[in-house]
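Visitor: Take the given structure of chain L and dock chain F to it, following the hints.
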Amino acid sequence: DAEITQSPRHKITETGRQVTLACHQTWNHNNMFWYRQDLGHGLRLIHYSYGVHDTNKGEVSDGYSVSRSNTEDLPLTLESAASSQTSVYFCASSGAPGLRVPDTQYFGPGTRLTVL
Amino acid sequence: DQQVKQNSPSLSVQEGRISILNCDYTNSMFDYFLWYKKYPAEGPTFLISISSIKDKNEDGRFTVFLNKSAKHLSLHIVPSQPGDSAVYFCAAQSSGGGADGLTFGKGTHLIIQP
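The listed protein sequences correspond, in order, to chains L and F.
Per our numbering, the first sequence starts with residue 1, numbered consecutively.
Per our numbering, the second sequence starts with residue 1, numbered consecutively.
These aren't lab readings, by the way, just hints derived from the structure by calculation.
Beta carbons: idealized from backbone N, C-alpha and C, even for Gly.
Where hints are given, some of them may not hold.
Said to hold, decoys possible - Computed Cβ-Cβ distance ranges for the label pairs, DEER-style:
id: 1; chain 1: L; residue 1: A82; chain 2: F; residue 2: I18; range: 14 to 20 Å
id: 2; chain 1: F; residue 1: G83; chain 2: L; residue 2: Q18; range: 39 to 45 Å
id: 3; chain 1: L; residue 1: A82; chain 2: F; residue 2: S74; range: 26 to 32 Å
Claimed, not checked - Facing chain F, from chain L, some residues (calculated, C-beta under 7 Å):
id: 4; residue: W27
id: 5; residue: F33
id: 6; residue: L45
id: 7; residue: Y48
id: 8; residue: G51
id: 9; residue: G58
id: 10; residue: Y64
id: 11; residue: G108
So that you can see chain L by itself, here it is in the shape it has in the complex (with noise of 0.2 Å):
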């Protein structure tokens, strides 16, 4: 069955690290999301793709970085992590044709990240 993974599922780091966060999905889909949830924020989205070599900044995007090398991942870099990035993080992926088209994103299992 296609699939969304997330590696790790959890992870501890230290202040000033650089960590990547992986994300895998076997859909096939063009379009891949990274998400963090925080209490009271609700899920806030970091970067985004709409395709390979395609990358744009979303609502919480300074500290992070990520590259799209081929449709089926979307690694998420903290190039130096920092405590008020510790969060769980959540990848996504939708299969929508273009771009502004109504999308129904589905969800990895997150990963949860503590800096210390």
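Guide: Chain F only, in chain L's frame:
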């Protein structure tokens, strides 16, 4: 400025009764709305959606109502079951321009009591 608001952080309903979860939005460009259900330690699961060209969409026990003039939507669950206990997120998207991705509310924790 919160564009999607779920003003009830939690809701308690007896098993078998109707659960009504509410959501308000402020961005008039939003024209596609979704509800997601989330259990602890899992990702959000898509539940039901509605386009702005409709005012109602049904899927089994779940019905979403959209009132465009009031910028309000609601999710009805009938009858409520113990497995419905979860956090429910309302989300919105603009397909005609503006923000990309989904804009989420903060969620409502639904508790179904036996």
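Visitor: Indicate, hint by hint, whether the structure satisfies it.
Guide: Here's how the hints hold up against the structure:
Taking the beta carbon of each, L:A82 and F:I18 are about 44 Å apart, not inside 14 to 20 Å as hinted. In this structure, F:G83 and L:Q18 meet the distance hint of 39 to 45 Å, their C-beta atoms being roughly 41 Å apart. The hinted window of 26 to 32 Å between L:A82 and F:S74 is violated, with their beta carbons roughly 38 Å apart. For L:W27, the shortest C-beta to C-beta distance to chain F is roughly 13 Å, which exceeds 7 Å, and the interface hint is violated.
A cut of 7 Å between beta carbons decides the hint on L:F33: the least distance to chain F is about 5 Å, and the hint holds. A least Cβ separation of about 4 Å between L:L45 and chain F falls short of the 7 Å threshold, and the interface hint therefore holds. Because the closest C-beta pair between L:Y48 and chain F is about 5 Å apart, less than 7 Å, the hint holds. Among the interface hints, the one on L:G51 is violated; its C-beta lies about 13 Å from the nearest C-beta in chain F, farther than the 7 Å criterion.
Against a cut-off of 7 Å between C-beta atoms, the interface hint on L:G58 holds, since the closest Cβ of chain F lies about 6 Å away. The criterion of a C-beta within 7 Å of any C-beta in chain F is not met by L:Y64, whose closest approach is roughly 14 Å, and the hint is violated. For the restraint placing L:G108 at the interface with chain F, the shortest Cβ-Cβ distance is roughly 5 Å, inside the 7 Å limit, so the hint holds.
Going down the numbered hints, you'll see the structure goes against 1, 3, 4, 8 and 10, while the others check out.
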